[in-house]
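S.K.: Single-letter residue listing:
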Amino acid sequence: MFQFKLVLLGDSSVGKSSIVHRFVKDSFDDFRESTIGAAFLSQTIKIRDTSSDSTEDTVIKFEIWDTAGQERYKSLAPMYYRNANAALVVYDITQQDSLSKAQNWVNELKNKVGDEDLIICLLGNKLDLCDSSDNGDKRAVMTDEAKVYAEEQDLLFYEVSAKTGQGVKDVFQSIGEKLYQIKKEEMLSKKGRQAASAKDSVNVKLQRPSTNDPTSCCY
Amino acid sequence: MSVDILRTTEGIEQHKPLMNEGIGVAAEQTESTKVARNSGPRKSPSAPNFHEKTYAGHSMSEPTLLRNCNGDNLLNLGDNLSFNDRDANLSVINLYDDEVISRQMDDFEDNNDEDSQQNVDSDEGNTPTMSMLQNNCNGSETEHLDRYGFKKQNNFITVEEYNKWWKDYSQYCIRRKHKWKLLLAKSGLPMDNDSPNRFPSRSEKLKRYVRKGIPAEWRGNAWWYFARGQEKLTKNKGLYDKLLQKMDDLLKKKKKKKPMQDLDIIERDLNRTFPDNIHFQRETFQLDEPPMIKSLRRVLVAFSLYNPKIGYCQSMNFLAGLLLLFMDEEKAFWMLVIITSRYLPGVHNVNLEGVNVDQGVLMLCVKEYLPEIWPFIAPLHKRSPINLGNSKYNFGKNEFLYRLPPITLCTASWFMSCFVGVLPIETTLRVWDCLFYEESHFLFKASLAILKLSEQTLLKNRPQRVLRHYSLSNGNYHSKDLRINQDESEMEVFQVIQSFPKHLINPNDIFDKVIFKKRVALNRLDQDEIDRCRKYVTTQRQRYKNYNEIVGSNLHHDDDEINDSNAQKNDLLSNGPQDYGSINNENNEEQISGAASDMKVNSNNRIGNDLVNNALSSEVYGFKKSLSGVHWNNSIKEKVRQMRKKRGKDDDVLL
Ligand SMILES: Nc1nc2c(ncn2[C@@H]2O[C@H](COP(=O)(O)OP(=O)(O)OP(=O)(O)O)[C@@H](O)[C@H]2O)c(=O)[nH]1
Ligand SMILES: [Mg+2]
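Chains as they are written, first to last, in my numbering: chain A, 7 to 225; chain B, 153 to 807.
Just so you know, the hints here were simulated from the structure itself, not pulled from any lab data. You may find that some hints are simply not true.
[Said to hold, decoys possible] Taking lysine-lysine pairs in the BS3-like style, the calculated list, with each CA pair at most 30 Å apart, reads:
hint, chain 1, residue 1, chain 2, residue 2
1, A, Lys118, B, Lys461
2, A, Lys80, B, Lys316
3, B, Lys612, A, Lys52
4, A, Lys31, B, Lys405
5, A, Lys169, B, Lys654
6, A, Lys144, B, Lys404
7, B, Lys654, A, Lys175
8, A, Lys80, B, Lys461
9, A, Lys153, A, Lys67
10, B, Lys697, B, Lys461
11, B, Lys654, A, Lys67
12, B, Lys549, B, Lys687
13, B, Lys670, A, Lys116
14, A, Lys144, B, Lys394
15, A, Lys31, B, Lys303
16, B, Lys316, A, Lys31
17, A, Lys80, B, Lys687
18, A, Lys184, B, Lys461
19, B, Lys669, A, Lys31
20, B, Lys303, A, Lys169
21, B, Lys669, A, Lys67
22, B, Lys612, A, Lys80
In this text, all values refer to a predicted model and were calculated from it rather than measured experimentally.
Build the full structure now, drawing on both the sequences and the hints.
M.R.: Put into structure tokens, the structure is as follows:
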């Protein structure tokens, strides 16, 4: 079993908690209490390694930090994304504003974590409100706009709905597969190196870098 | 049955009740009055009427109240009230299910002298009256709700568990209320139609009464009284109205201009406040939002206008929401002002520094009062020492005040929302009773009590962590393993602390098992201690911050040192075990300040040097000790106790 740490970031009310609950409990409430500080949840998924001969699934456990979205909670964020393997940066498709907030988060992650191995996924939520067949299309952020940005920044990108569940599982599945891939490569290269130098005491590269931000109040 | 009995409160005639909805919000007024008319006479939602009946007023022989139903249907709301007026009944709460009991209680409880100390630790539940209980029951749509309109069931507690607990607890409440009545009578205070608004003067006895719970239907008045709300309101007469007027103007403008940030966030939180409570729910068929949501909006917006330094902070919706269940809007507003300024100063400020300070205080208190819990939450390794030239600087033993342990991410929300949503509702209310009577130190006491109660669960889940904590100083570990294991065990501890409080359905657990126990010594912790502690942590954090700023700017001059991103890690490795896990090590103060003077001094960091010295030579906070003056080290105490336990001589087993 592998364990990965995943953090959700994004403006208040974009649906971070709803996404996590859809993933962890496969349920949705129209009204869920707003998050104070942060909540911690975990959930496992199975992935199949097509490249190996083994027919057995690999179990991946996600340790998920669901954070509070209001601006002033931002100062606590470094504690959450410290050592994270993946970050889901969520915005609300019906709120243009929330995309720019998401972009701020992406910048912060890139500046403060600065790890190429950190998987960042941009996630547009509330897709169910964007049914164009219905007259009530509330979309405010065009798919292309976000997509182009995600490609520029080298992010994963999905549009999902926590309400209907559309796309939510896939997001975690593909992040899981990616992380597994990285992990496998890490282990292979570690083995290789260990063979080279019999006693390789500590392999610093394998560690997830911590945030080196002396101004963060917590760590 | 009349549902129009309203509590009268001095001087706020205008706002009482919200019976006519919408104070000052002209746009909404017409609409909502229409709704109010349509749905018949609706009781004030903002002040559920807990005292529709005074149980003392019923005679024991009243037959309808004595229907026995095997006790499985005990908790109906509004059972005894007219059933053809459901809508109104929702906020009319039958607090005790059985109103007859109190009469029977008289004989028994009168002999039970509250003042005798021995009563303090005794189990309130084991009274002969328990067997005399009769319960009334009948089917009701509101069966799944508790007396405040919250769903009984949640992810942590089943309806069965709730009912089982409530069966006893409701009787406890009846007994307590009876005692309160006697106390008021003895103090010559009027009961005012079961809505007293004056209470006895402060005393140890009253404190004990409060700790055992204020009667639910008196809570609004009692909180208001103990928190000296009227004083505040009298000083600021008319201000709430003005704020609402201002809000009205703002909302009118809103359509044209970009709305205020706070207003927006408040709006998003309105429907995310107590979605499990009937008073806050919007029924699908209801076009208009519930009056409670409107009150909540007004209180929060008024507050954000009143105090722009705080504005709106998520968590205040829960504070205001709970207040609104017990008092009218204007009072709720002033109580919110009092909570955020007097009890939780700075906690909701834009930079949240107040909450960080309080977490530092809590950590100090854990270390002092719960040394057996500290290893679970203490940072296992300190951050790598800061590398300056050839010298390395470690933050002293107080580093955790600045770099707070991860668990504080959880405990921070305990303070921000005063346990609303953290503890089950009855337990939360009990903490609030004490908060308003005893002031903010009680929040720390409650936190410590919760942590203490979680000890068994923590041990069950991961005893290794504690072991590791102690073995670290012996130095057998690999840095990487340590790091990963540490993260992992932090998560586990976090998970326990996050969910544990949600199971504390019985408010008495916190008191009987911890706070009333002399052994845990929490009673030494008083308001004065917390005030001093807060000051201390505030200065410490400021020093560290200054220090970091100076050192941070120094590092930028020392390019070759820091630009190697591995420098810190290498440092971490080469420094070896002796740098870790020495949290309880009291001897490194001189070493550190000695090291500080070795510092490679740049021409421009004279002040910096002072600040560094200042930060590093930080004195340790001295807790008040017990009278004897003997400085018992708590961890020694703990050891002695465990030795005694082993010998089986300790009969006073915790928990
Ligand atoms: N229609 C629709 N509504 C959604 C969806 N996801 C969330 N919501 C609603 O959006 C609101 C906010 O959702 P939350 O999950 O509480 O948002 P959050 O990002 O956790 O917000 P904070 O805790 O304040 O940071 C709730 O009322 C949800 O019901 C979705 O996929 N579709
Ligand atoms: Mg949330």
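S.K.: Decide if the proposed pair is consistent with the structure: A/Lys80 and B/Lys461, CA atoms, cutoff 30 Å inclusive.
M.R.: 17 Å, holds
S.K.: Just to be careful, I want the Cα atoms of B/Lys697 and B/Lys461 compared with a cutoff of 30 Å; is the pair within it?
M.R.: 21 Å, holds
S.K.: Under the criterion that the straight-line Cα-Cα distance not exceed 30 Å, is the pair A/Lys144, B/Lys394 satisfied?
M.R.: 36 Å, violated
S.K.: Need the status of pair A/Lys169, B/Lys654: alpha-carbon distance at most 30 Å?
M.R.: 26 Å, holds
S.K.: Hey, B/Lys303 versus A/Lys169, does the alpha-carbon distance stay inside 30 Å?
M.R.: This hinted pair holds, its Cα atoms lying about 22 Å apart.
S.K.: Between B/Lys669 and A/Lys31, is the straight-line Cα distance small enough, at 30 Å or below?
M.R.: Violated, because 40 Å separates the two Cα atoms, which is more than 30 Å.
S.K.: Has the given pair, B/Lys612 with A/Lys52, been kept, meaning a C-alpha gap of at most 30 Å?
M.R.: Within the cut-off at roughly 28 Å; holds.
S.K.: Mind checking the alpha carbons of A/Lys153 and A/Lys67 for me, to see if they're no more than 30 Å apart?
M.R.: 28 Å, holds
S.K.: Is the hinted pair A/Lys80 and B/Lys687 satisfied, with a Cα-Cα distance of at most 30 Å?
M.R.: 25 Å, holds
S.K.: Under the criterion that the straight-line Cα-Cα distance not exceed 30 Å, is the pair B/Lys549, B/Lys687 satisfied?
M.R.: Roughly 18 Å between the alpha carbons, so the hint for B/Lys549 and B/Lys687 holds.
S.K.: Quickly compare the C-alpha distance for A/Lys118 and B/Lys461 to 30 Å and report which way the hint goes.
M.R.: Distance of about 28 Å is within 30 Å: holds.
S.K.: Does A/Lys144 pair with B/Lys404 here, judged by a C-alpha cut-off of 30 Å?
M.R.: 24 Å, holds
In the structure shown, a violation is registered for the earlier hints numbered 2, 4, 13, 14, 18, 19, 21, 22, in ascending order.
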